[in-house]
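From first to last, the protein sequence lines stand for chains Y and D.
Going by my numbering, the first sequence opens with residue 1, and the numbers climb by one from there.
Going by my numbering, the second sequence opens with residue 226, and the numbers climb by one from there.
Just so you know, these hints were derived from the structure itself, not from any lab.
Hints should not be assumed to be uniformly reliable.
[Unchecked claim] Capping the alpha-carbon separation at 25 Å, the derived lysine to any residue pairs in SDA-like fashion look like this: (1) D:Lys382 to D:Leu336; (2) D:Lys271 to D:Ser352; (3) Y:Lys214 to D:Phe285; (4) Y:Lys118 to Y:Val156; (5) Y:Lys214 to D:Ser352; (6) D:Lys382 to Y:Lys214; (7) D:Lys340 to D:Lys248; (8) D:Lys358 to D:Ala439; (9) D:Lys382 to Y:Gly111; (10) Y:Lys214 to Y:Leu127; (11) D:Lys271 to Y:Gly111; (12) Y:Lys214 to D:Lys442; (13) D:Lys382 to Y:Pro141; (14) Y:Lys214 to Y:Ala171; (15) D:Lys340 to D:Ile419; (16) Y:Lys214 to D:Ile259; (17) Y:Lys86 to D:Glu329; (18) D:Lys382 to Y:Gly29; (19) D:Lys340 to Y:Leu40; (20) D:Lys442 to D:Thr391; (21) D:Lys382 to Y:Val218; (22) D:Lys382 to Y:Pro145; (23) D:Lys248 to Y:Arg65; (24) D:Lys382 to Y:Ala143; (25) D:Lys382 to Y:Lys118; (26) D:Lys358 to D:Ile419; (27) Y:Lys214 to D:Ser308; (28) D:Lys382 to D:Gln364; (29) Y:Lys214 to D:Ile360; (30) D:Lys382 to Y:Thr48; (31) Y:Lys118 to Y:Lys86; (32) D:Lys271 to D:Glu329.
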Amino acid sequence: MEMGFRWDFAYEILPQMLWATLNTIIAAGVGYAIALIVGLFFLLGQRTPFKIVNVINRELVEFIRSTPLLIQLFFVYFVLPQFGIKLSAWLCGMITIGLHFGTYLSEVYRGALEGVSKTQWEACRALNFSTIYTYRRIVLPQAFPIAIPGMGNYLVGIFKDTPLLSTIGVAELFHAATAVGGYNYRYLEPYTMVGIIFLTLSIPAAMWVRNLEKRVNVAQGKVKQ
Amino acid sequence: MSYFAFLAEHGPTLLLGTVTTIKVLVCSAILYVIISMIFGLMRLSKNPAIQGIATVYIEFFRGTSLLVQLFWVYYVLPFFGLSLEAFVAGVVALGMNFGAYGAEIVRAGILAVPKGQWEAAHALNFSPAKRIKRIIIPQIFPIILPPAANLTVELLKATALVALVTVVDLTFEAKQINSITWLSAQCFGTALLIYYIMARFALVPFLRWLEVVAARKVGR
């Protein structure tokens, strides 16, 4: 077998890899959208006045956060059919990623809400604003910028965790690379290309998030410009 | 088959896998701490070449997926004549990946040491090496341990990936039992529980204890 990097082979499989990249981006996008919503529900569970809901919510979040995403994927993919719920690999993957990262995002939301000074709440109370109005017009507009960097980081995080979906047969980039590699019995080019594609997508994304973070810090007056 | 019968039959296998998971965790934790120290310091070097190497390393390992790196180490390095055993490949990939994240923590920790400490060490005519070793490093532990603890829990979760390069750890055993018995809820549920117990009742208390010790050492 020929050693070293074969450029002609890399060129040959490039279209296939780029198509699969599209799937990876879709998976990351959909997973992220679900995670954003799930995070809101965990946040609600945390802030409801019912003690029992708070406790269950906290333990559930703790459990999901401290167990591996890989086994959660297997669990959802293999166990749900035994209860008569048949979902496609795609759907299983999206649900699991949404749940897993939803717990992280709920922490981001919580941090952002707590980042809004308490005096803001007191001022609203003094002005006789309703709770909903306070959230909508006073608290959320101030909390959102604080949450942006954390939210961005988890978008990049989800993107980098999508290769795990290949283990349950979702046809994303890493899955395509393994298939191409197995078919031609050459893993060097496909896996190297996966690495390069990930780098070209995630480094600009990470830089963008860092830039956002800086701008948020400046806007909040934490850092002098 | 009741859950207890399942545990009686497959529990020992899962526990054996757990031992391997702990081994992977300990080895890769040691490796990642060493790498983060080295690259965290290199990142702050005034020499642009050294700083550049560290930046490229950190960006590379943070920019790509751990699974890709793991498969690269295990399946691609043999093309270059370097065949690693699955366990070693797993530990190396985990250590290098988390080392990149850890390096950023170390860098932030060093920058967080008050400037007066640097100036005082300078005024007392400490050599640069001694300044770092005797004054700065001992003070960064209370700063870096809380984020490092989070990272270490992430590391425990990430060790599950080594099962995909044929290391016979807890995840691998759970998958194996699943493919024999098809008792998916039991075997993956038990594996999840074991990971949870390891993280919540062993690793986290240990790391909190380290934080307390570190804080006491600098007199806080």
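Notebook entry, point to check: Does the alpha-carbon distance linking lysine 214 of chain Y and isoleucine 259 of chain D stay inside the 25 Å limit?
Noted result: Violated: lysine 214 of chain Y and isoleucine 259 of chain D sit about 30 Å apart, past 25 Å.
Margin query: Hinted pair, alpha-carbon criterion (25 Å max): lysine 382 of chain D, proline 141 of chain Y. Please report holds or violated.
Written below: violated (35 Å)
Check: Do the alpha carbons of lysine 214 of chain Y and isoleucine 360 of chain D lie within 25 Å of each other, as the hint requires?
Finding: Not OK: lysine 214 of chain Y and isoleucine 360 of chain D at ~30 Å, beyond 25 Å, violated.
Notebook entry, point to check: Would the pair lysine 248 of chain D and arginine 65 of chain Y pass a check requiring their Cα atoms to be no farther apart than 25 Å?
Noted result: The hint holds at about 22 Å.
Check: Does lysine 214 of chain Y pair with serine 308 of chain D here, judged by a C-alpha cut-off of 25 Å?
Finding: Violated, because 43 Å separates the two Cα atoms, which is more than 25 Å.
Check: Is lysine 442 of chain D within 25 Å of threonine 391 of chain D, Cα to Cα?
Finding: violated (42 Å)
Next item on the list: Given the hint that lysine 340 of chain D pairs with isoleucine 419 of chain D, test it: the Cα-Cα distance must not exceed 25 Å.
Entry: violated (44 Å)
Check: Are the Cα atoms of lysine 118 of chain Y and valine 156 of chain Y separated by 25 Å or less?
Finding: violated (31 Å)
Item checked: 25 Å limit on alpha-carbon distance, applied to hinted pair lysine 340 of chain D and lysine 248 of chain D -> violated (40 Å)
Note to self: With the threshold set at 25 Å, check whether the alpha-carbon distance from lysine 382 of chain D to proline 145 of chain Y stays at or below it.
What the structure shows: Answer violated: lysine 382 of chain D to proline 145 of chain Y is near 30 Å, above 25 Å.
Check: lysine 382 of chain D and alanine 143 of chain Y: Cα distance at most 25 Å?
Finding: Given pair lysine 382 of chain D, alanine 143 of chain Y is violated - Cα atoms ~30 Å apart, limit 25 Å.
Margin query: Check the hint pairing lysine 340 of chain D with leucine 40 of chain Y against an upper bound of 25 Å on the C-alpha distance.
Written below: violated (41 Å)
When held up to the earlier numbered hints, the structure conflicts with 1, 4, 5, 6, 7, 10, 11, 12, 13, 14, 15, 16, 17, 19, 20, 21, 22, 24, 25, 26, 27, 28, 29, 30 and 31 and fits the remainder.
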